[in-house]
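Based on the hints, put chain B in the right spot on chain A.
Residues per chain, in single letters:
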Amino acid sequence: MDELWRAFMDPYFPFFRYAFVSGILASVSFGIVGSYVVTKNMVSLVGAISHSVLAGVGLALFLRHRFQIEVITPFYGALSAGILSAFIISFVSKYLTGRQDAVISAIWAVGMAVGMIFLAYTPGYIDPMSYLFGSTMLITKNEIKNLILLDIVILGIAFMYYPQFWAYCFDEEFARVRNVPVFFLNTLLLVMSAVTVVMMMPMVGIILVLAQLSIPVLIAEQFVTRLSLLMLCSVMLCMLTSSIGLVGSYKLDLPAGPIIVLTSMVVYICSSIFIRIKKRIRKYL
Amino acid sequence: MGLLKNSEKNTLSSGQRNSPLPAVCIRDLYFSYQKENILENVNLDITSHEFVSIIGPNGSGKTTLLKLILGLLQPQRGTLHVFGEKPEYRRDKIGYVPQYFQLDLSFPATVLEVVLMGLIHKKQWFFYSSSAKKKALEVLDIVGLRSLSGEMFRNLSGGQRQRVLIARALVSQPEILLFDEPTAHVDTVAEKNLMDLLKQISGMLTVVLVSHDLGFVSKYVDTVVCVNRTVQKHPTNALTGAMIQELYGSHIELVHHEIVQPQERHYHG
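Those protein sequences? They're chains A and B, same order as listed. Counting from 1, one number per residue, gives the positions in the first sequence under the working numbering. Counting from 1, one number per residue, gives the positions in the second sequence under the working numbering.
In isolation and in its complexed conformation, chain B is listed as follows:
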């Protein structure tokens, strides 16, 4: 994956107004499901153009935190603002990439149609305009899948599907991109390619990703948000084994993955 071309950078950044406001500002937030607190006393600031990873053990509330930032859940107490307002009023600035395997793959959808869905809004009636289609193709170019725009979504590989969903989130020119486990269920090479793409995108907008694989994402992100009911934010390079041990409650070491490129095979007939 090469660097983004200038025209592609324009496609991504033309929607940005470089807001002086913090991308996400959370104060004294509490959230519970049926009387059990999932998140307690959460205070968090994510500044504009930061590349952040949210990590934590299973059931720690990291996906809940993501859904609160998306405005899909409402906190019981406290405030959560995205660019100075409640997330529901700032959805034009939010891009979201869910896990691809949550989607129904038997749905008859082409790659272009999936990307066009990123441009949908309350009053999108009848059909998408040709300028919307042009925009969708431009974004498919960025993720390297323009040639597959007419292909069915279900026929793609896991890594390609994830790229299509990234294109769907990017097409509306958001200022903050939220990812739910972007590298889950993709192979190691596709995982590295995806992270390289995210690293390039992160220069132009705020990127927040929920991940279980701290060893892998720590090579890329600036800041790590550790979630286990409460939230602590650390610069990636200041993260120590003791902090992770405290978060997960057991002895866990930070291990960096080595990506082994598949070797060329020679067949002898």
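Isolated chain A, as found in the complex:
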């Protein structure tokens, strides 16, 4: 414990501290957006967005290294690619009448392909693994500032549109009959998901991010009766699992992303078993 505290406070080794703080900050958006995404059954759409983010990362690294454009960081590249693919997917789900899942899977793969081509053209060797599965070394002080800003924006939107998102997630057809702007909300939720995915990208990577978005919500769903409570519990569970996962990865000297995801899964399995046992006991009493 003492060693862990020293690693946390070490002024010459800020990575662990940054990773911890960014995990806590990203969890706020993850719990809120994840609750909407899981209850609306659109996790696969967010999967397509998160994977196509690699195109933006690749393009940003290519421009930085080939043309020395320092302003374009992989974070901004990922953010732009995520938002662009959110708009494309929103339009596809509105205007394409058949085979939507196939087209969305194609966007998923094309995004990754474009990203890999840009990385191949980038001078020097860049390991895509750190973007795909996360690397806490990618987190900088500047990104923590970005996380705070994005958290505030996402919190504001999520609460301002709470009744409308609630209606849209529960019964989209009825929401349309009540003049709720369903297409706008769908696009907004996809854009918020894109932003959230990019926030958690350095921690768990763009492939594993889907698990951390949905597993805390699945755990919380077993205990709560309201969407607002689902959000609160998901935020706390996301904070808890990412912190435990981070400490675990430090102790075991393993990459943080996979450990965080496995921690979430263990909590999910334990909570499911607990709920079943509780139900059985109640039945016999």
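There may be inaccurate statements among the hints.
Below, computed lysine-lysine pairings styled on BS3-like, alpha-carbon distance capped at 27 Å [to be verified]:
no., chain 1, residue 1, chain 2, residue 2
1, A, Lys-94, A, Lys-40
2, A, Lys-94, B, Lys-67
3, B, Lys-123, A, Lys-94
4, A, Lys-40, B, Lys-133
5, B, Lys-35, B, Lys-67
6, B, Lys-86, B, Lys-133
7, A, Lys-94, B, Lys-86
8, A, Lys-94, B, Lys-35
9, A, Lys-40, B, Lys-199
10, B, Lys-123, B, Lys-199
11, B, Lys-192, A, Lys-40
12, B, Lys-233, B, Lys-199
A short list of chain B residues far from chain A (calculated; beta carbon distances all over 10 Å) [claimed, not checked]:
no., residue
13, Asp-28
14, Glu-36
15, Thr-47
16, Thr-79
17, His-234
If you are wondering where the hints come from, they were derived from the structure by calculation, not from laboratory data. The model shown is predicted, which means the values in this text are computed figures rather than measured ones. We put the beta carbon where it would ideally sit given N, CA and C, even for glycine.
Just chain B, lined up with the frame of chain A:
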């Protein structure tokens, strides 16, 4: 289910302005999905305070007609007006009750929250007001579910869920209520209770219900709209076996259901 109390009648009818305009007016309407005509040359008037059932075989276009009246679909030709205007501009006057099993039951929703959804509009931000909650509880009283307002929607029976959806449609004080198969997937006793409730509500507003069970609804509704690409409207008592045979294309007889109340059981230990 007893008769509605005076205060409950006020809750339902205070939104009504007793429009002189017909509730629904359809002229020369055509609708098609991918070049295949679903509805052809439809002309239909539904007057204010009428209790109407839309019937027809599978694929006849009855749900399409309902969605056109809701403004969820647009006709390729012809006009459709609800209280004198396009349905999109009259949604404040329209109440809609979908089939409850279309909803995602794993969604964490309480009964009160589902009813409050009926009050949502474009600029409903942050949270619902306490007066909205009061209104929702009043309407839950009408459908007999006030005591279950804090219960989770998924824990209710089929008949109770349908009642909650009726309350959700009523809470915005509509002038026309549209139902999509209200008695599908509910047992016979719950079906009769639901129809009794609809009969009471129908005295105060226009009620249109899509149903597959003509024998059952014919005991309650004033008018039947037969849909099979085209539309014909008949008073319920003028409906004959020949008309139904023509509609469904096979020999079908009108049979009235008998509701058998479950008998009290005595257990001997």
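Hints, one by one, checked against the model:
1. In summary, the hint linking A/Lys-94 to A/Lys-40 is supported, as the alpha carbons are separated by about 15 Å, within the 27 Å threshold.
2. Using a Cα cut-off of 27 Å, the hinted pair A/Lys-94 and B/Lys-67 holds, with the two alpha carbons roughly 18 Å apart.
3. Taking the CA atoms of B/Lys-123 and A/Lys-94, the gap is near 23 Å; set against the 27 Å cutoff, the hint holds.
4. For the hint linking A/Lys-40 to B/Lys-133, the alpha-carbon distance of about 25 Å falls within 27 Å, and the restraint holds.
5. At most 27 Å may separate the alpha-carbon atoms for a hinted pair to count; B/Lys-35 and B/Lys-67 meet this at roughly 18 Å.
6. About 30 Å separates the Cα atoms of B/Lys-86 and B/Lys-133, which puts this hinted pair outside 27 Å; it is violated.
7. A distance of roughly 22 Å separates the Cα atoms of A/Lys-94 and B/Lys-86; the hinted pair therefore holds under the 27 Å criterion.
8. For a cut-off of 27 Å, the pair hint linking A/Lys-94 to B/Lys-35 stands: about 20 Å separates their Cα positions.
9. Using a Cα cut-off of 27 Å, the hinted pair A/Lys-40 and B/Lys-199 is violated, with the two alpha carbons roughly 35 Å apart.
10. Restraint check for B/Lys-123 and B/Lys-199: the C-alpha separation of about 34 Å exceeds 27 Å, so the hint is violated.
11. Straight-line distance between C-alpha atoms of B/Lys-192 and A/Lys-40 comes to about 34 Å, which puts the hinted pair past the 27 Å bound.
12. Among the hinted pairs, B/Lys-233 with B/Lys-199 is consistent with the structure: their alpha-carbon atoms are about 20 Å apart, no more than 27 Å.
13. With a minimum CB-CB distance of about 25 Å to chain A, B/Asp-28 clears the 10 Å threshold, and the non-interface call stands.
14. At the 10 Å boundary, the C-beta of B/Glu-36 stays outside the reach of chain A, the nearest C-beta of that chain being 14 Å off.
15. The non-interface label for B/Thr-47 is consistent with chain A: the shortest C-beta to C-beta separation is roughly 22 Å, beyond 10 Å.
16. For B/Thr-79, the condition that its CB be more than 10 Å from all CB atoms of chain A holds, with the nearest at approximately 20 Å.
17. Chain A leaves B/His-234 outside its interface by the beta-carbon criterion, the shortest separation being 28 Å against a cut-off of 10 Å.
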